[in-house]
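So the sequence lines, in the order shown, correspond to chains A and B. Note that the first sequence covers residues 1 to 701 in UniProt numbering. Note that the second sequence covers residues 1 to 701 in UniProt numbering.
Calculated directly from the structure, the hints in this document are not laboratory data. All clues given are correct.
One copy or any two copies: either way a pair holds, since identical chains are not told apart in the list.
The calculated lysine-lysine pairs, modelled on DSS-like cross-linking and capped at a C-alpha distance of 27 Å, are:
#1 696 x 551
#2 551 x 700
#3 551 x 465
#4 465 x 700
#5 383 x 490
#6 490 x 473
#7 473 x 696
#8 700 x 473
#9 465 x 696
Number of protein chains: 2
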Amino acid sequence: MADAVVRTSKPSTSTRTPAGGAPTAAHSASEAAEARIDVAAVTDLLLGTWGDTRRAARQMIKDPAFWRVDGLSVDEHRERVLSQLHLLVENGASARAYPAEYGGEDNNGANIAGFEELVLADPSLQIKAGVQWGLFGAAIQQLGTKKHHDKWLKDVANMALPGAFAMTETGHGSDVAAVGTTATYDVDTEEFVIHTPFRGAWKDYLGNAAVHGRAATVFAQLITGGVNYGVHCFFMPIRDEDGAFLPGIGGEDDGVKGGLNGIDNGRLHFDQVRVPRENLLNRYGDVAADGTYSSAIASPGRRFFTMLGALVQGRISLDGAATTGAALALYIATTYANQRRQFDSGAGTPEVVLLDYGRHQRRLLPRLATVYAQAFAHDEFLKKFDGVFSGRTDTPDEREDLETLAAALKPLSTWNALDTIQECREACGGAGFLAENRLVGLHQDLDVYVTFEGDNNVLLQLVGKRLLSDYAKQFKGKDAAALARFAVGKTAGKVFHGAGLRQLGQAVADLGSTARSVELGLREDQQHELLADRVQQMVADVAMRLRPAAKLAPAEAAAVFNENQSDLIEAARAHAELLQWEAFTDAIHRAGDDSTLQVLTWLRDLFGLSLIEKHLAWYLMSGRLSAQRASAVSRYIGRLCNRLRPHAQDLVDAWGFEPEHVRAPIASGAEQARQDEAVAYMAALAASGEAPVSEKSLRKK
Amino acid sequence: MADAVVRTSKPSTSTRTPAGGAPTAAHSASEAAEARIDVAAVTDLLLGTWGDTRRAARQMIKDPAFWRVDGLSVDEHRERVLSQLHLLVENGASARAYPAEYGGEDNNGANIAGFEELVLADPSLQIKAGVQWGLFGAAIQQLGTKKHHDKWLKDVANMALPGAFAMTETGHGSDVAAVGTTATYDVDTEEFVIHTPFRGAWKDYLGNAAVHGRAATVFAQLITGGVNYGVHCFFMPIRDEDGAFLPGIGGEDDGVKGGLNGIDNGRLHFDQVRVPRENLLNRYGDVAADGTYSSAIASPGRRFFTMLGALVQGRISLDGAATTGAALALYIATTYANQRRQFDSGAGTPEVVLLDYGRHQRRLLPRLATVYAQAFAHDEFLKKFDGVFSGRTDTPDEREDLETLAAALKPLSTWNALDTIQECREACGGAGFLAENRLVGLHQDLDVYVTFEGDNNVLLQLVGKRLLSDYAKQFKGKDAAALARFAVGKTAGKVFHGAGLRQLGQAVADLGSTARSVELGLREDQQHELLADRVQQMVADVAMRLRPAAKLAPAEAAAVFNENQSDLIEAARAHAELLQWEAFTDAIHRAGDDSTLQVLTWLRDLFGLSLIEKHLAWYLMSGRLSAQRASAVSRYIGRLCNRLRPHAQDLVDAWGFEPEHVRAPIASGAEQARQDEAVAYMAALAASGEAPVSEKSLRKK
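Only chain A is shown next, with the shape it has when bound in the complex (with noise of 0.2 Å):
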């Protein structure tokens, strides 16, 4: 079937071959005569459900007035994000999630999809806008209602309405029903008075609050009638038409960060700022004239969470966009590595390729398998995202879902993203610490992903906690089929959507790849069982663990809890793991050719691998994993590493970015002109019969 091949006809912006016309890659003549990937294809995969969106968003930010520029000032880098942010309006890039009469396109997947892109060409466009259209925006669209949309929807989404989102305090950052910011009613005026107690209670690290911002939507205790109904959200303006603040309300500017230095994060307190009633975005409960709490949610816990749940998109677009910012740090990393050298192996030969290290190759394949991972997760997840937004499958299990699931994918997507761009940048040595070959400033906007939009430690341990209570729910009746029962509702299948049972590897069976992943007992159909079995036990460990608990005074049993957290973070980490590599396999067997899911399944198989080589003393603990057949997981890693290697360009290719994306000098070919430039020096000064000899060569004789 190797004839089934389509190569992409866009021009590959990589070298396969040297000057010397020798392949770069040390793979046996078999593995370099095999058919590639089908490189077009893969990326539609890549690109998925939104890709004609992404594509759009593409081909708009290779317009150069959309790129950071390293060096510029505080000052001059938040202004030229704030006119990106008008450009995007202007390319109707602003707020496709809005509906149409508000200058939206009703949109919910494509409006995520098109701001993830903007990553490529400035994390701090993509977060501003995000602020502004995803945060500000989203709690007017979200936590509001007809009139609040009519009001000021349509000026957020053409940026006539510049705002902020102020919900963290300094005093409260993860536990948002904490926050200090006071709302009472006064009947009297039927005014909200909105008013800062002391200085943990400050609005804090709000992007739009430090100068553009000239609203904000803020969140705090509402009190009306002597009772507080929890946290709301309110409609504030912040500033006049000079940019002065409005009474009552102060601020400072957070200066400088470790990145996103586009963005004008700031902090605001209030002094007693009145706000009509009206000003409450009311969609989940609200006040009457004469102070009448009411809410179609009775629980106060519940409608919290539901409000909390209404902003969901922000976590998904970071775990978009930390796929595609890791993504462009591996096609950098690989291109360079594709056309450096250094070192020659001895005996007279050329220098050799990074690339062709073992070393080289175990830095950067298995973080490209993860990448991949991502990606096919996410796309799964903006799915579900747009089928509960758009109406189609909005119900409150597939609401907690997708919260869990964002929980869940968006503090494994930021934090690989960071160590992916990291290892990335050593890989490319001195020539990776330059600004202008991008890895840095990827690491410095990045870094915050990992903080923001919910701690990823404490998004770990929501999903911990439910799968505990999913656990708890299953286990009722203590048998072996409720357990069943609990691992079928951990895959992908069920959480992605809403789905039973997958099938697993009977695809991989049918196209007769079996025998070479059997090799060692740890092919498709194993690596599941194994990646489930752990989510499985972790959960029913720590549950074990935890049932004391239930028995003890509440002190005593929060510490229980706490000797068990770091335990059940691990087991949310797993869950999450389970899912990516299911949404891999289910993407794998989308494919289209037998080349492309061959290489597609090696990828898959390193993915997988890399995760059980990872928690290796688990499996052997557990008893999972004979120490034999552990020991040979990283052999086998080593040979798909081997086995990769020749398609590792093809692969990073696969992600469609352009010149004008990469922007990068060491991945733009000029290594490679670098080191032909210096081989054909070398063998004119040879030819010439000038080339001094060496003081080694004149010793041995």
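For this one, chain A is given, so just place chain B on it according to the hints.
Frame of chain A, contents of chain B only:
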């Protein structure tokens, strides 16, 4: 013996009791009553052999003129750091290593120790000082002879002659032997003609090259009489008094970097630039007027490595500065974690201090243990360097050991610094992302430490090769006694001090702490056995797998080596970890009192067990730990974290940083003040009788 504890009189910046007066730590009453460490004594231990120099350097950099200022433009930052170098000269802190006649103190150890502390002021200052005096100046000092010293060293010391160290090229970094720049001797004019033959041979990434350097020490292939004698170093003026390039010299600015933007890194290239014959820094190789080459070191390879080895101090200072930088990050994050509260644990209890969370302890405390280990290993390393460079212990074997030590320790400490600083940044949430809190700046500046002065992977591979070669030598007899000798040769006693087998475990046993650590069969001597065995076994395994390569053709032998490259690097890492563990163990026995010894022993155990946990799969597969004992490791780590938690502030206070070194608002006590204010506000509100009741409590009624 608890009464033997002497508490430091230094006013602690920590606050162990919040407003309510309850201990912030959730430790048991018995633990709270335990003796604390003698903070001042531990400070002495950590500051080590050159503690007085370190204290003097820290006193000097209390002057704000030395501090990094966030948000400066690249140009402003460069000029600021240049002015700071002049300040160092004024303070007599520029050239302690140089002979007294050139303004120095002939004190190699103190010189490095003093420079390392500059990382607290601004890492750009540390590194630019390193470029000027530790690279450019040291090349003149170490590779030149008296005529060179007389001519330039005083001006180097007093900054009248700022210079660049022109070794690395765009095309060759780690592989210095292959640089393309040539220095061809012209017997007619008695000059060297220094030339850049192609773009890849441009000198690159050189500090002081973009703007400030007036001269450079240029590494080039020395060619005379048609023979290439390999890389030698030449002194070359590059700019005139007005800062313009001299004829034949060109260059470029490297532009914005990921960090260290106070240094003007740049590129240089040479078009047939002539320098007098005397400008060859001729300590290890010389050319007579008639073009005859001579060297006291016959072997070209050994001569090359001797020259490189003379510049080992760069790696040493990175090891020390990375350790101090990581310690500062841990000071900031731990202090904040002792004051910051987030989430209540249920049942109306106050919000929990971050460091009381099991997860948070797991994130910070093992890293604190590692940084302690690094500090103690660094002091041994520095003593060894001082012995060799002072001439007291200057033998070829000692020099080789020193270089291996540098190649082993620098990778671990620099990687760990990045890991630790990043974890600290994340542990401080959004506040950690603000430049004012130092963590992001530290990460950005220290990032390049892992690839400059030798890429970490390349360095570890060097160590691995040395281990293999030692193994081959020892193993010629092929008996168990030879193996034992090999293992002994890898211990700290041998590597740091050139002495024989160290005595392990006895001191702790004498002091009665055995009973406690025996609980899991993972006490001191067992930790040592596990760590040392691993080095032994990993080297033996790689050696065995490489054995067939001896009979293969070079290309095939290279392929076999390549397959084992990652394992060899891991063996080198294991060796370095062992050295750190042993240095830690040696240090704690100098602790003085039982209470300090006890706490530091826990910390050392945490380090040792964290290493064992990291490599747990290996221990299981190799049969060195049973599944049961292995599963005890993580539980034991949890218990150690719990035991150490009440001592965490003491352990970071013991670094002896003062407010002028810390300069991070979140570690200043401001967070504690905010917490206190919020608590006081809520208490006053409750007392006023006007506090709103919660909706939840109403519903319960």
